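Protein chains: 4
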Amino acid sequence: MIIVMERGATRADIDHVVQRLSDIGAEAHVSEGQLRTVIGAVGDRSAIQQLPWEAVPGVERAVPVLKPYKFVSRDHHATDTVIDVGGVPVGGEVVTVIAGPCAVESREQLFSAAAAIKEAGATILRGDAFKPRTSPYSFQGLGEKGLELLAEAREEFELPFIAEVVDPRHTELVASYADLIRIGTRNMANFPLLAEVGRQPKPVLLKRGFTATIEEWLNAAEYIYKEGNHAVILCERGIRTFETQTRNTLDISAVPVLKSLSHLPVIVDPSHSGGRRRLVTPLSLAGVAAGADGLMIDVHPAPETALVDGAQAILPDEFAALMEQVGRIATAIDRKI
Amino acid sequence: MIIVMERGATRADIDHVVQRLSDIGAEAHVSEGQLRTVIGAVGDRSAIQQLPWEAVPGVERAVPVLKPYKFVSRDHHATDTVIDVGGVPVGGEVVTVIAGPCAVESREQLFSAAAAIKEAGATILRGDAFKPRTSPYSFQGLGEKGLELLAEAREEFELPFIAEVVDPRHTELVASYADLIRIGTRNMANFPLLAEVGRQPKPVLLKRGFTATIEEWLNAAEYIYKEGNHAVILCERGIRTFETQTRNTLDISAVPVLKSLSHLPVIVDPSHSGGRRRLVTPLSLAGVAAGADGLMIDVHPAPETALVDGAQAILPDEFAALMEQVGRIATAIDRKI
Amino acid sequence: MIIVMERGATRADIDHVVQRLSDIGAEAHVSEGQLRTVIGAVGDRSAIQQLPWEAVPGVERAVPVLKPYKFVSRDHHATDTVIDVGGVPVGGEVVTVIAGPCAVESREQLFSAAAAIKEAGATILRGDAFKPRTSPYSFQGLGEKGLELLAEAREEFELPFIAEVVDPRHTELVASYADLIRIGTRNMANFPLLAEVGRQPKPVLLKRGFTATIEEWLNAAEYIYKEGNHAVILCERGIRTFETQTRNTLDISAVPVLKSLSHLPVIVDPSHSGGRRRLVTPLSLAGVAAGADGLMIDVHPAPETALVDGAQAILPDEFAALMEQVGRIATAIDRKI
Amino acid sequence: MIIVMERGATRADIDHVVQRLSDIGAEAHVSEGQLRTVIGAVGDRSAIQQLPWEAVPGVERAVPVLKPYKFVSRDHHATDTVIDVGGVPVGGEVVTVIAGPCAVESREQLFSAAAAIKEAGATILRGDAFKPRTSPYSFQGLGEKGLELLAEAREEFELPFIAEVVDPRHTELVASYADLIRIGTRNMANFPLLAEVGRQPKPVLLKRGFTATIEEWLNAAEYIYKEGNHAVILCERGIRTFETQTRNTLDISAVPVLKSLSHLPVIVDPSHSGGRRRLVTPLSLAGVAAGADGLMIDVHPAPETALVDGAQAILPDEFAALMEQVGRIATAIDRKI
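Chains as they are written, first to last, in numbering that gives the first Met the number 0: chain A, 0 to 336; chain B, 0 to 336; chain C, 0 to 336; chain D, 0 to 336.
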């Protein structure tokens with residue numbers, strides 16, 4: 000931690016900061032410039048970071064040197080983590096494609112989508128049974144019935160599946176069915192829910208909060224990791240900006256930034272970021288080219304009847320064409336699908 | 000809903016949209032311009048808004064005319080709502096001031112703050128027992144012990160209190176102690192939690208998500224209202240922007256905007272928006288001048304020892320001076336504290 | 000400057016940084032922690048800040064301790080600056096109100112507005128002759144003819160006036176007529192234009208870029224100051240955020256933040272920030288309560304015929320009512336209009 | 000234009016809107032819903048868009064159906080435009096790579112960079128003689144001397160070059176030397192400058208304002224186009240968001256969005272968006288995969304001595320490796336470099 004003192008800070012103010020560092024067993028390195036005094040604090044990270052430095056008299060601001068997360072950082076684990084999802088690896092050489100409808104609406108809809116994505120080469124099925132919706136008047140999902148249909152589809156098509164959990168009271172239920180538990184963008188900072196999934200024996204896909212910084216996102220991953228669940232996959236899905244031509248702005252830079260800060264696998268969701276069908280293919284190709292370990296794509300047999308997010312779902316034949324192009328990009332960077 | 004067709008939309012595309020509107024009992028008003036055809040949809044709001052119009056062939060975009068929320072809007076209820084919090088009114092002529100420590104840390108800390116804010120004229124006590132923290136390594140609150148201390152302070156100082164709930168499994172516990180339940184900024188879109196507090200017999204203070212639009216915020220209030228709890232207070236607490244001199248940017252315009260869109264009372268939190276002690280007074284005065292029905296302010300007897308958010312807590316004597324100034328502004332606009 | 004080294008930085012990398020500091024006559028204070036080495040650089044601010052530290056091998060990031068601006072900071076000049084605008088003071092005890100139409104459209108429109116704002120107590124007239132417009136198909140102003148009309152109105156109503164300059168080639172022309180030159184939000188980072196107005200003998204009102212940080216804004220003020228023109232007034236006018244209910248989000252916190260960082264006067268434009276007529280009064284009151292030294296308000300005798308920004312212009316009688324309320328708020332904080 | 004009336008709008012308010020439309024020769028299509036009346040305006044786009052509808056009594060808001068720009072839209076010109084830059088095409092089958100130092104610092108620095116980028120396969124040289132800098136104390140460029148060096152390098156290496164213009168008074172000077180004139184991000188809304196380059200006989204590369212929406216950007220292109228210069232290239236270079244790990248957030252979605260809205264070529268600047276050397280390659284690959292017609296990349300023989308933006312410049316050998324990878328991605332999508 001670097002503590003920058005105010006211009007008018009007195010000798011007593013400086014001594015007080017040094018004393019408080021000493022009280023917690025940290026060293027203080029004091030540099031006096033002409034206009035400001037700066038104090039470098041060296042010692043136990045947690046102890047130093049938890050004190051409210053900016054409330055201490057004479058302190059202008061405190062700048063952390065170390066990140067608040069530990070286990071999910073490259074500092075802690077230098078090599079890339081590969082996660083097993085019902086037998087399918089995420090991370091490593093392969094670019095893994097997750098696809099399916101945004102929400103499970105019926106057996107027919109789900110099975111039609113599952114057959115199509117299997118045929119085109121996807122290896123994990125998506126489909127939600129519980130949906131967090133902005134308006135209380137929108138469709139909220141089929142609940143456990145949806146999970147049962149997903150489990151049936153898994154048998155039928157030999158595809159592990161991912162499903163979202165939105166309530167800590169449903170965590171065990173979702174974990175008992177799904178191969179991969181999803182934390183959605185609105186729940187990235189739902190700490191009780193993160194703690195619950197951190198205690199489950201299934202891997203977790205953690206979507207970025209659409210207004211979260213990368214550091215907040217890694218802190219959220221740390222919540223899960225700290226509870227004992229080390230199988231965490233990060234999913235970039237677009238952030239809120241002033242631009243209105245797209246639903247959110249895909250932060251493509253997050254892919255290489257995360258690869259540098261963390262050892263966890265990173266995938267890209269081109270469907271929810273753009274919010275438009277015609278953007279799905281270019282954003283998928285960009286994601287893979289930027290180094291993502293996978294994609295998660297909404298595919299629906301009849302988007303204009305979709306109960307959730309139809310505007311961004313692509314048709315099965317569009318998905319097949321996309322997979323062909325993704326394969327070519329993967330090959331160009333020495334990966335494969 | 001206004002449906003704008005693409006430039007190349009065919010007669011069949013237009014007829015298909017008209018047919019889909021007809022299927023749900025809505026009327027279509029078709030206007031054909033030189034470059035675009037526009038279709039106005041008139042009929043049942045929910046039925047029209049739930050169809051995925053932007054997934055329908057030939058549709059460029061769909062622009063809602065009506066808001067997705069109903070009960071919390073001025074259209075539904077024209078006069079200002081006044082809410083009773085343990086005998087203290089929020090809304091109406093009085094500017095209500097809520098104050099106290101961010102988190103309950105000890106009996107001594109809480110009682111010292113409570114005595115000071117009572118003395119200075121605040122009428123509701125704040126203090127949290129459960130804290131959602133960005134880092135898993137930060138202090139998470141005293142839990143039920145904190146609620147017990149708050150209940151003791153209520154007796155001692157005759158001040159109703161507000162406390163945050165962060166987990167749907169704790170809703171009844173918090174509601175059994177507190178006079179006013181708070182939904183924090185990170186949980187504004189935690190829909191299961193909103194539904195739970197919507198079923199409690201206590202009023203709810205709903206903080207704005209720091210990245211939520213006003214429309215999303217009113218949708219969240221609607222979730223609570225729809226479950227039967229009509230005692231909802233809105234609290235503006237700053238939004239995330241590119242500016243880094245303040246923790247968040249207080250959206251002062253939200254006060255008059257909400258007064259125009261909704262009948263619910265609106266208060267301002269000048270502590271968490273600015274994140275700096277020296278900003279608390281000017282932002283408080285601005286909030287009251289802009290028409291807010293109250294303020295919620297962090298007061299701590301010793302901010303530099305605070306376990307949560309010390310940088311923004313003001314001292315008891317600073318709070319007393321603030322109350323004096325707030326009283327003068329209130330008088331200037333024909334209100335009182 | 001604080002230079003944080005990468006985790007893997009070698010002894011040679013550290014020595015290289017120390018050498019480069021030594022080369023420019025600066026001292027290096029090296030603190031070695033367990034995970035990172037931090038180097039504090041003490042010496043000539045400009046020399047240190049201009050080196051591209053983040054391009055030096057082994058450097059993770061460089062954190063400036065001092066601000067890049069000097070003359071406009073409180074460090075340089077501790078007391079509040081008061082600026083004379085054609086005999087009217089801006090800064091100090093008085094809250095100065097600037098009002099008038101967004102653009103000069105005709106003699107009749109301008110004189111009607113000027114008479115009304117004079118009557119209501121405003122002391123500086125606004126009205127533009129050159130308008131920067133987002134679309135090339137919008138009205139661009141009357142040019143020099145507009146300046147002549149403003150000069151006539153000045154005589155008639157004894158009101159100094161402010162006018163915008165948008166092109167460095169027009170700076171002398173505008174300065175020859177106006178009492179106060181305005182740099183609009185789109186030109187805050189137009190450095191050749193800033194340098195030109197920095198050489199004029201008239202005070203300058205510098206609007207915040209609607210996407211500029213406070214630090215960038217003060218850097219822009221420094222450009223003007225550095226050329227020799229020390230009469231700079233800052234005008235907060237709203238920033239771009241994700242919220243769409245208002246045209247921009249008035250950053251009310253900027254008022255106290257600027258008062259702390261700079262000695263220059265600060266005024267608030269409630270018209271362009273909100274973009275809505277009904278927001279003008281509450282935002283004006285909030286601005287004054289937060290400590291602004293003045294307001295700049297669009298007043299138009301017939302907004303629905305306005306050629307520019309009619310949606311936010313208030314009518315003369317609305318302005319008179321606003322002035323009465325502003326006066327009461329000013330009195331409440333021991334100022335006057 | 001769609002005009003949505005307020006809930007309480009009277010018959011007279013509606014008739015008044017209809018009358019105003021009639022006055023400008025437009026038709027009004029009135030749809031009366033239960034809660035709101037909506038009026039569709041059909042007629043001359045410019046005439047309708049210029050009236051201040053939101054200032055008209057009883058109007059809640061006005062939603063444009065058509066874009067304010069014309070010539071740069073796909074509606075106006077359906078096929079992709081290819082622009083000739085000193086013999087090098089931009090747009091079409093080839094992915095064009097522009098590279099070189101951010102600023103011209105010396106003959107040696109420029110020629111070293113030019114030799115390297117030529118060798119690696121780039122076809123246009125970049126290097127600036129005039130730099131807009133946030134701080135008045137930073138290096139501002141070599142001026143005309145820099146242009147002379149660029150012209151020499153063009154001869155030596157047979158590479159047309161691009162240079163920025165920041166002042167309308169320098170437009171002819173820059174145009175007399177450069178093959179491609181650049182409008183930088185801070186000048187995207189500098190309308191007098193746009194008008195000047197619109198009258199030059201050289202193509203223009205228009206960078207996106209880092210806080211501009213895509214619609215504002217296309218309006219800026221329209222300013223140039225309307226003056227007679229139809230050779231406009233758009234360059235995405237990152238937008239300002241809340242994320243701080245990168246200097247700006249590359250809006251990769253802008254590439255396919257622009258391809259859909261406009262016929263102009265689109266290139267990506269991976270250097271200024273990320274602001275970090277290690278992000279340049281992944282963002283370049285993502286840009287090409289998303290469909291960009293080219294890249295513009297900062298290359299410097301010794302970044303740690305750069306006078307401008309050294310942190311993001313890559314070394315010549317890094318650039319050569321990047322070109323090899325870009326070539327493979329281009330091939331994968333049936334393009335070439």
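Hints are not guaranteed to be accurate.
Put simply, identical chains are the same to the list, so a pair is met inside one copy or across any two.
As the list claims (entries may be wrong) - Think about it this way: if two alpha-carbon atoms lie no more than 20 angstroms apart in a straight line, the pair counts; the simulated SDA-like pairs of lysine to any residue are: (1) 69 - 15; (2) 225 - 132; (3) 258 - 111; (4) 258 - 244; (5) 201 - 26; (6) 201 - 42; (7) 335 - 324; (8) 225 - 21.
For the record, the hints were derived by calculation from the structure and aren't laboratory data.
Since the model is a prediction, treat every value here as computed from it, not as a measurement.
Each hint, compared with the structure:
{"no.": "1", "hint": "69 - 15", "in the structure": "neither (29 angstroms within a copy, 29 angstroms between copies)"}
{"no.": "2", "hint": "225 - 132", "in the structure": "between (29 angstroms within a copy, 14 angstroms between copies)"}
{"no.": "3", "hint": "258 - 111", "in the structure": "neither (35 angstroms within a copy, 32 angstroms between copies)"}
{"no.": "4", "hint": "258 - 244", "in the structure": "between (28 angstroms within a copy, 13 angstroms between copies)"}
{"no.": "5", "hint": "201 - 26", "in the structure": "neither (42 angstroms within a copy, 49 angstroms between copies)"}
{"no.": "6", "hint": "201 - 42", "in the structure": "neither (36 angstroms within a copy, 46 angstroms between copies)"}
{"no.": "7", "hint": "335 - 324", "in the structure": "both (12 angstroms within a copy, 16 angstroms between copies)"}
{"no.": "8", "hint": "225 - 21", "in the structure": "neither (29 angstroms within a copy, 44 angstroms between copies)"}
When each numbered hint is compared with the structure, violations occur for hints 1, 3, 5, 6 and 8.
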